[in-house]
Amino acid sequence: MARTADLFFILVVVIDLFLLASSRLGAAIRIVAIQGVLLGALPLLLLEQGHSLGHALVLAVGAAAIKGFLIPWLMFRAIREASIRREMEPLLGFVASMVLGGVGVALAFAFAGGLPLPGGDAHPYLVPTALSTVWSGLLLFVSRKKAVSQVLGFLVLENGVYVFGLLLAGFMPVMVEAGVLLDLFAAVFVMGIVMFHINREFASLDTEKLSALRD
Amino acid sequence: MILACLAGAIALPALSGLAAAGLARRPALAQGTACALLCAGAALGAGAGAAVLAGARAEAAELGFRLDGVGAVFLVAICAVAAAGAVYGLRYHRQAEARGAAVRVQLFYGLAVAGMVALVAASNAIVFLVGWEVMALANFFLVLTDHDRPEAQRGAFLFLMATHVGTLALFAVFALLRQAAGSFDFAAMAGLPAGGALGTRVFLLALVGFGLKAGLVPFHFWLPPAHAAAPSHVSALMSGVVVKTGIYGLLRVTGLFDGIPPWWGAAVLAAGGASAVIGVALALAQHDLKRLLAFHTVENVGIIALGAGLGLLGRARGEPALVLLGFAGAALHVVNHALFKSLLFLGAGAIQHATGTRELDRLGGLARGMRATAILFAIGAAAIAGLPPLNGFVSEWLVYLGFLRALGRPGGLAFAAVGAPLLALAGGLAAACFAKVLGVVFLGTPRTAEAEGAHEPPGVMLAPMAALAAACAAIGLAPAALVPPLGRAAADWSRLPAHLLAGPAEEAAAGAARVSAVALALLALVAAAWALRRRRLAARPAAPAVETWSCGFSAPTPRIQYTGSSFAELLVARFRWAVPVRREGELPRGPFPATASFRTHVLDPVLDLALVPAALAYRWLSDRARRLNVRRIQLQMLLVLATLVAVLGWGFVWWPIP
Amino acid sequence: MTPRTLLHLALLLALPPLLLGVVNRTKAVLAGRRGPPVLQHYFDLAKLLRKGAVYSRTTSWVFRAGPVVGLAAIATAGLLLSMGGAPAALTFDGDFVLFAYLLGLARFVTALAALDTGSPFEGMGAAREVTFASLAEPALFLCLLVLARATGSLSLGGMLGPALPAAWDHAAPALALAAIGLFVLALAENARIPVDDPNTHLELTMIHEVMVLDHGGPDLAFILYGAAMKLFLFGAILSRIVLGHCEGALASEALLLAGVLGFGVGVGLVESFMARLRMNRVPQLLVGASVLSAFALVLLLR
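Chains as they are written, first to last, in the numbering used here: chain Z, 1 to 215; chain C, 1 to 658; chain B, 1 to 302.
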């Protein structure tokens, strides 16, 4: 079980790095969906004795359904309506994003062991994965031009916070998960509204055009 | 005995310039005498160095000289390059033609060599600084040889500015050390604790001072202008050995301390890695041959610093293997770089002598008319790219081995191994750059009339190049013999007991012997493949030579060949963050062919993006501040009085009279 | 020099054209064709060795020396490689550095021979080749560092030797990531899709092919054979990493052959299902492989 959980953590980080490099929005959304499914399976893999299986099952199914199916479906609808397929060269450059992401991952894995967090010893890859995912999400959010990519960045960021929340699942059961998922929902809702308005105003989802708003 | 050789090595070169000046009526005799004196001095110095590396010791503490393993390595390099340059200068910078300029060059060349020998053999800080200043001032005048050219003036000014800022830092270093140790003698300073404020201050100041001389990024900005403007054999001396004195100083000062913290090694590693990658990226973008070679010096100093950083990390963590491999790699690369960089600069001088230009894109096809130069330059290029079976590979292999040994260690030390991919990147880029240089300069067809008329330089100029190339090949084919002396030098530097370093040294020597075996196997396979090819082709009748097909251009010209900047463009674009490029030009408008021009200009990131704007801003500020200049003399005196009172008052507050 | 090492040297000399044949046959089968015979490249090489050569007036001794030195360098690198878990002909600590630099020497002289023709076509190919090769070097070293750290050995013989099966037990994710990185590197260094198209001679797709456009006869035979040998070397390394579980000489040999041929099929699959990347995406691919291998190394270092 622990080995499989570690493998899933590594896959999550590999997906983060791949996202930093990808320029095709369709592929990126699918990859984020896969990441969502992997993260959905994690509560089951991290289950320890004394915690209820039912609770973990509900959490797993809920997370996988929302992160793995619902939100990607919404994103696909968004890009279909805006008719965009590709990300242009981002502000930071693909190579620079990858290198920065890699440096962040390396630092997270090197130094996360020093953080005084409870329960980090059982799963040594958990905290570094969370930090790496948060870092990748931030990089995506900050450096991409298309609004869809920025939403993806925000989703990845929330995935990272979710992984972090798994660490505390034993101590604060339902509240953390519910809070996280609600937060996620609200953010996506707002992002959807924003994207709709940007698209309607400019007939495109390039956030660079926002700087043309004067007057 | 060794001391006598050392004295000769200092005195004879210093006097050689006087001989050139004194016999100026008969320029050929003057130059020959000067060269002979300098070569004699160099031979004595090399002999002394070799004897010390073989195990002897030489000390004259009252006079302030001590030659140990560390100094001996640098001494051998200095003497080899000095002699090669002097012989080369016999025809390259003939006194009969250049008159006063040649006398000046020989005078200051000899003084520079004498200064360097004195400083690597110094046993106290005074002698060290005297040698240092003599070398720096002599170099200034050497760069200023063609003093009516603005390029030389700019290069000399930048050189002087950098070297004196560095020397200021060195004064501070030695003052602090004297305060802590009570004497200027290096032996008294040995064993100082590195942990407290003293160690930190000395290390940082030494890094700045010696880094300015060595050309570590970001202190490299003076190197390309100065080395490109000087005559080629002077550039060979400067790139080959003068910048190495900076490395020598850094090694000497850090070697004095005990209990070195790991961040010293990490800082030197970081500086080395940055210099290696940024230096070679900037080199790729150059189109002036000598500027390109100067930037490669920055890269190689970075590689040497990587080795030195490994050695410091080894001392900090108590790993004798790292100390040996890091120091041996750095020291061997000092020697190797001196050899192949001088070879390359002498070759660049031959090219300039034959064609009158240093611009890569005005050359081409020189291998036809300058066959020997082409072969020797190619050997130098392959050596600097670190390709087996030459010497550049051996010293880089030792540094790699150091990184690999660090990889196997537990804990944070293993993270030092990130230097190995950086070194690989720098090596790959260096190979790309020299493929560009060789291809654009020597291969293909000549691009201009000057290139077509290129002729082989005279034998006097080819002989030192051939000697340097032979040395490169020898070290590359038989490196195992050099490991024991380097091990002894490492023991001298680190003051570790020799038996601790003996084990890693033996392993390294065994590995080096295998490297020789592989190199010989490579040569054997090349010979076998060549023989097979000849047999197959001999069986067929020879076909007549034709033009290159080039996709069927009906009227090919030499101008359609790939230029140097086109070749490097993909890589330079990839390294935009380190290499600022300014583009100028007008593109043709409209549907019909019209006049158009396109120019790219590569800036140095430190000089052109930081220092020059800062200097301009300072000038603007001082112009504004001039407005504050008060006109009336009474008010000026009042200002002086007020400042005096303020300073005295501040002094009373801080240092109250007891 | 054990008998297995001698056998491996013989395989190194004999098998590379077969590997190329397997790659081409896979591509043909997936495209619905019958394709050339698997042994076709042997006949091609024999034909080229029988031919004469025509040289351009622009070229010099560099052009004639390029293929010779290139082949010799690749063959020397083969001497350092340990295949199927058996010791290599020459082994010492840090020999994989020499391995990488010998491959770099082969590339260097091939690029020089290309520039010697004075044709802009070859110059373009040489420029692209040295660019992508410089960016691939750190990735190669990172993958080899992962192997070194996982097996605790510093020579190719140790890294690919008996310690490797044991290393899979405790470093499996890192080794898997390193193997993926090495596969991408194998495609890049051997001028395969998605980095370069070995079949066409169009300007848009050429890197390696255009460098060797002007060679003919025995020179071209040397170059093709050297390229096949380089692909074989990478295949042998990957075969050992992925399939190196068995003890026992006979099983290891069989797995080596199966692995190399499987590598050929894998290359054929990738070439059939992927298109060539746009030229400015290739550095991103190489940097991606570096970052992946660096991540694998970090996993082992913590």
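Calculated directly from the structure, the hints in this document are not laboratory data.
The structure displayed is predicted, hence computed values, not measured ones.
Every residue gets a Cβ at the ideal spot worked out from N, C-alpha and C, and that includes glycine.
Wrong hints could be hidden among the right ones.
[Claimed, not checked] Residues on chain B that point at chain C, a partial pick, calculated with CB under 10 Å: (1) Ala53; (2) Arg57; (3) Arg149; (4) Leu261; (5) Val265; (6) Leu269.
Status of the hints after comparison with the structure:
1. A cut of 10 Å between beta carbons decides the hint on alanine 53/B: the least distance to chain C is about 6 Å, and the hint holds.
2. The interface hint given for arginine 57/B holds, since its Cβ lies 5 Å from the closest Cβ of chain C, which is under the 10 Å cut-off.
3. Hint status for arginine 149/B: holds, given a least beta-carbon distance of 6 Å to chain C, under 10 Å.
4. Interface restraint check for leucine 261/B: the shortest CB-CB distance to chain C comes to about 27 Å, outside 10 Å, so the restraint is violated.
5. A cut of 10 Å between beta carbons decides the hint on valine 265/B: the least distance to chain C is about 30 Å, and the hint is violated.
6. Checking leucine 269/B against chain C: minimum C-beta separation of about 29 Å lies over 10 Å; hint violated.
Hint violations for this structure: numbers 4, 5 and 6, all remaining hints satisfied.
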